[in-house]
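The task is simple: from the sequences and hints, build the whole structure.
To convert, note that position 219 of the sequence shown is 225 in the working numbering; the numbers rise steadily by one, no gaps.
Don't read these hints as lab results, they were simulated from the structure. All C-beta atoms, glycine included, are put in the ideal place defined by N, C-alpha and C. Incorrect hints may appear among the rest.
Label pairs and their in silico Cβ distance ranges [to be verified]:
| hint | residue 1 | residue 2 | range |
| --- | --- | --- | --- |
| 1 | Asp96 | Pro62 | 14 to 24 Å |
| 2 | Gly191 | Glu106 | 19 to 29 Å |
| 3 | Arg64 | Thr151 | 21 to 31 Å |
| 4 | Ser99 | Ile35 | 40 to 50 Å |
| 5 | Gly149 | Thr36 | 35 to 45 Å |
| 6 | Glu214 | Thr160 | 19 to 29 Å |
| 7 | Arg52 | Arg114 | 24 to 34 Å |
| 8 | Val148 | Pro206 | 12 to 22 Å |
| 9 | Trp11 | Arg52 | 11 to 21 Å |
| 10 | Gly94 | Gln60 | 26 to 36 Å |
| 11 | Gly149 | Arg169 | 20 to 30 Å |
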Amino acid sequence: MSDSWPRRRLLAILRGATEPLDAQELARITGQHVTTVRFHLDVLTRESLVRQFQQPPRGRGRPRIGYRAVQRSVGYQELAQVLADHLGPDPLSRSAAAIEAGRAWGRRMDIGSHQVETLADARDITMSLMSELGFAPEKDPVGETDEHVGINLTACPLRELARSHAEVVCGVHVGLMREVLERNGARGRVEVRLHPFTEPELCHARLELTLGAEAVEHAAEEHGERPARPAIGADQAAQRMITPSGPRVPPQLRDTDADVFEQPAQQW
7 MSDSWPRRRL
17 LAILRGATEP
27 LDAQELARIT
37 GQHVTTVRFH
47 LDVLTRESLV
57 RQFQQPPRGR
67 GRPRIGYRAV
77 QRSVGYQELA
87 QVLADHLGPD
97 PLSRSAAAIE
107 AGRAWGRRMD
117 IGSHQVETLA
127 DARDITMSLM
137 SELGFAPEKD
147 PVGETDEHVG
157 INLTACPLRE
167 LARSHAEVVC
177 GVHVGLMREV
187 LERNGARGRV
197 EVRLHPFTEP
207 ELCHARLELT
217 LGAEAVEHAA
227 EEHGERPARP
237 AIGADQAAQR
247 MITPSGPRVP
257 PQLRDTDADV
267 FEQPAQQW
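Shown next, in the form of structure tokens:
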């Protein structure tokens, strides 16, 4: 698909819709002019990313043309369930394995070249990625600072599975986002955290600027100090694990600030 943010957003909306939407409805949702929406829909149709469906008119007039996304993730739900069932009984081990699986996925993706120069660049790349996967991401300006930005994920394709296997589903997506950002030059500069179900149908991704291990070592050397090295790696150091009964915090991780997942605002 051509690199167009409006078309990526339209495609994400259609992937999350339960029925075909017409140009008027999409224009209302996105705030774009209906003529602009129709132009983008024509492009998506030519690229076989959406299909047209004839719908009954509203009142008198000609039938409406509705659009539905062509689903390309057949078997994803079943595959994720199998993955969740075969990564072992321990949530921490499952999470670490899921993050690495997400990284492996990210290494195989054709992501183009979009160098991360600023935190805004990191957010744009992440939103483009998650839009392509059907998450219908939206910027979250609430609490935004120069050090961190937020993205609301409004249409997770694996929402129901994530309710019971957050450490696997969310772990894969965290690993994927990290790997894609690092491939674009953000290694050691941007951390990715994920807050599942901050609302019943909404998850929140948070991108934070981080000094990075190399910068820490360089600063310590300048002051004649020898920096302490962590006992475990950042991905292995996991995160506060989320289960239906609440967070599970391994003793060796309780004093770290490497949490990837945060406890949701309400119990599932």
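Quick rundown of the hints versus the structure:
1. Asp96 / Pro62: 14 to 24 Å: violated (53 Å)
2. Gly191 / Glu106: 19 to 29 Å: Since the Cβ atoms of Gly191 and Glu106 sit about 21 Å apart, the hinted range of 19 to 29 Å holds.
3. Arg64 / Thr151: 21 to 31 Å: violated (45 Å)
4. Ser99 / Ile35: 40 to 50 Å: Given a distance of about 41 Å, which is inside 40 to 50 Å, the answer is holds.
5. Gly149 / Thr36: 35 to 45 Å: violated (24 Å)
6. Glu214 / Thr160: 19 to 29 Å: Holds: the Cβ-Cβ distance is about 21 Å, inside 19 to 29 Å.
7. Arg52 / Arg114: 24 to 34 Å: holds (27 Å)
8. Val148 / Pro206: 12 to 22 Å: Given about 18 Å between the Cβ atoms, the range holds.
9. Trp11 / Arg52: 11 to 21 Å: With a Cβ separation near 18 Å, Trp11 and Arg52 satisfy 11 to 21 Å, so the hint holds.
10. Gly94 / Gln60: 26 to 36 Å: The hint (26 to 36 Å, Cβ to Cβ) is violated, given that Gly94 and Gln60 are roughly 50 Å apart.
11. Gly149 / Arg169: 20 to 30 Å: holds (25 Å)
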